[in-house]
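Student: Here is how the chains run, residue by residue.
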Amino acid sequence: MRIRSNEYRKRSREIIRGDPAVREAVTGATLAFDRNRKQAYEEVDADAWRRWAEGVKNHVLTHLDDYLAEAEAKLEANGARVHWAADAQEAREIVTTLAEKASVKSIVKGKSMLTEEIGLNSALESVGIRVCETDLGEYILQLLDEPPSHILGPAIHKSLGEVRRLFADRLGTSSEDSPNALAHAARRELRDAFVDADMGISGANFVVAETGTVVLIENEGNIRLATSLPRVHVALAGIEKLLPRMSDVAGFLQLTARAGTGQPTGCFVSLIQGPAAQPGDDGPEEVHVVFVDNGRTAVLEHEHAWEALRCVRCGACLNVCPVYRQTGGHAYGWVYSGPIGSVLDPGLLGLREAMPLPFASTLCGACTDACPVRIPIPELLLRWRQEAQEQGLAPKAEGLALAALAGVASRPALYRLAGSVASRLGATGAGRALPVLREWSGDRAAPQPSRPTFRRLWRDGIE
Amino acid sequence: MNVAFFVTCLADHYFAEAAADAVRLLRHLGCEVTFPANQTCCGQPAHNAGRGREAVRMAHHTLGVFRNADAVVLPSGSCAAMVRKTYPGIAGERIAEADALAAKVFELGEFIVRRLGVTRLGSGLTGRRVAIHQGCHALRELRLEAEPDTLLGGAGAEVVPWEAREECCGFGGLFSVKMPEVSTAMADRKLDTLPDVDWVVSGDGGCLLQLEGRSRARGQEVEFLHLATALWRGVADGPRDGSGWQRPEGHRHAG
Chain G
1 MRIRSNEYRK RSREIIRGDP AVREAVTGAT LAFDRNRKQA YEEVDADAWR RWAEGVKNHV
61 LTHLDDYLAE AEAKLEANGA RVHWAADAQE AREIVTTLAE KASVKSIVKG KSMLTEEIGL
121 NSALESVGIR VCETDLGEYI LQLLDEPPSH ILGPAIHKSL GEVRRLFADR LGTSSEDSPN
181 ALAHAARREL RDAFVDADMG ISGANFVVAE TGTVVLIENE GNIRLATSLP RVHVALAGIE
241 KLLPRMSDVA GFLQLTARAG TGQPTGCFVS LIQGPAAQPG DDGPEEVHVV FVDNGRTAVL
301 EHEHAWEALR CVRCGACLNV CPVYRQTGGH AYGWVYSGPI GSVLDPGLLG LREAMPLPFA
361 STLCGACTDA CPVRIPIPEL LLRWRQEAQE QGLAPKAEGL ALAALAGVAS RPALYRLAGS
421 VASRLGATGA GRALPVLREW SGDRAAPQPS RPTFRRLWRD GIE
Chain V
1001 MNVAFFVTCL ADHYFAEAAA DAVRLLRHLG CEVTFPANQT CCGQPAHNAG RGREAVRMAH
1061 HTLGVFRNAD AVVLPSGSCA AMVRKTYPGI AGERIAEADA LAAKVFELGE FIVRRLGVTR
1121 LGSGLTGRRV AIHQGCHALR ELRLEAEPDT LLGGAGAEVV PWEAREECCG FGGLFSVKMP
1181 EVSTAMADRK LDTLPDVDWV VSGDGGCLLQ LEGRSRARGQ EVEFLHLATA LWRGVADGPR
1241 DGSGWQRPEG HRHAG
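As given, the protein sequences belong to chains G and V, one line each in that order.
Under the working numbering, the first residue of the first sequence is numbered 1, with each subsequent residue one higher.
Under the working numbering, the first residue of the second sequence is numbered 1001, with each subsequent residue one higher.
FYI, nobody ran anything at the bench for these hints, they're computed from the structure.
Mixed in with the good hints, there may be bad ones.
Here are some chain V residues pointing at chain G (derived, C-beta under 10 Å) [unchecked claim]:
1) Arg1027
2) Gln1039
3) Cys1042
4) Arg1114
5) Glu1163
6) Ala1187
All C-beta atoms in this analysis are idealised placements derived from N, C-alpha and C, irrespective of residue type, glycine included.
Please model the complete structure; the sequences and the hints are all you need to start from.
Tutor: Shown next, in the form of structure tokens:
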């Protein structure tokens, strides 16, 4: 996927001004998700669950080498084949080679952000393989050739009306069909793709080291079908997706579902331990698990950013984020958007590529309160901002102005003088021409400075 | 009780009268208020921009200014959170001083309810319909959820539920000028859901600048008040109600 994070300001403006339906659709859907999440948290001792989950993930991340080795051994013992991809290109090559070796013509896919991250679909299509997304949201976006806008609800930015028009045009449905009827129409199309497919590709919500189990959560049943019907199943998993024991799964399944959609758990949970035991049994003949690094080791080594690797991709931080709600995910310019994207993308892509995402936040802190693994997102944003300043990636004028503020603020007499000049300037035409106020006053009435200032009131005596 | 008043840059320059109302309230509640003249900025703008070294300089300066205070009160949840929650993490070798200041720093409403134990301040807000916008740092760092309701409700105001009450207004300091379109859209979400009220009240000036600035540009007619001013109106406009807090002689209506 092409990285366009640097265009955040421009694209957010274009979306807000040029395509107001996006803001409406995203706001409506995320508010509903978030209401459900709050309710689902209230039903349990969410704080205790979240602390537990944070602890498990921290343990995994600090013993990752051991658990990866254990997972590999157990998966292989179960009859699955394990592959290691250092970066996106290696991951694409591994899957493409597997497909070619198995003479695969047609692939069905379950939703996987990792496959978006590594640009898998276009690599497969370039060698002549047909790839069909089977998650309804992803299916819609594949028809439109758009990237996902949300971790959990990829087509969250699309209104019902848009989907109606799209399906009427492409699938011949009526322009007044209900959402159910539209889903049925997609299902009819997908049924053939499932039957024809030689390979099913999925992500992995978790991989259990103890038992060599790939865990997948979903609501549509398409992942269950894509991983059991075709001859070959390939699961792609980020190396951080491990859980130590099978007994950890119950907690993570529930917490992830509650955080993401407010459900007690997903409608379908698949635990995949390997291929069919013998010919004639249900299940694929081959199961492959591709562990993908693609920058994760570097994030793990980072003094602060490693905490973002606890992420279980539930989307709760996007749903609660008032910044994300105004634009949806496309403005962020890469696969991971919203609060988690703004702390993960600088680690995975490099800070320069991800600018200005760490600044695309008011630090309101709603994300941290919602996060099921308690990632301190505002703190991590601040750390990235600090690095951006140190590397000279933030606007120079802003740095100079803040350095000047610090200089002035440590000298009280100078501070008082500067304050009195500034408050006079602010009220005049010259003051309004200052860049800060110019940006401010586009769509907002300019703030009126107090005359006199509080200092003056105090000096004159407050009654 | 002796209270050192930390006005904050924003209140000094944009909410001077509200800051004065905060002083009036504190005095009304029996506090001896001082204003250390050497105070400057808490350093939050630099900290939030990633200018760590500058933020530390300003934090160190502020530690010195309020070293001898018994209690420090700010008319801002955001700056109070900076002092309480952030200073201890950035103060370096002056951590002990930072911890000491963190333990005695309060946002205005928090100080009145939690430190002084006062929940009833006059009754002059009877009949007023108010919506409360709690700043995000007051809400999520200081965990001040009910304090403004307690105080405004206690003074007779009807606190009207607001669907987007706990959502960020989109100010975010420099965010409001770095990402003006998103910032404005965030204010619109707040204003689109605003119930029919006389006043929107917040304990943070930054949020008020943002919401009022946008609402004026939209032509929406509602008054935006700092918590200090709203509460002082409750005291100053109310009859003597025998609750124990008498309006001192010689006070004029403020604001």
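Student: Now, for every hint given, state plainly whether the structure supports it.
Tutor: Here is what the structure says about each hint:
no. : hint    : in the structure
1   : Arg1027 : holds, 8 Å
2   : Gln1039 : holds, 7 Å
3   : Cys1042 : holds, 9 Å
4   : Arg1114 : violated, 20 Å
5   : Glu1163 : holds, 9 Å
6   : Ala1187 : holds, 7 Å
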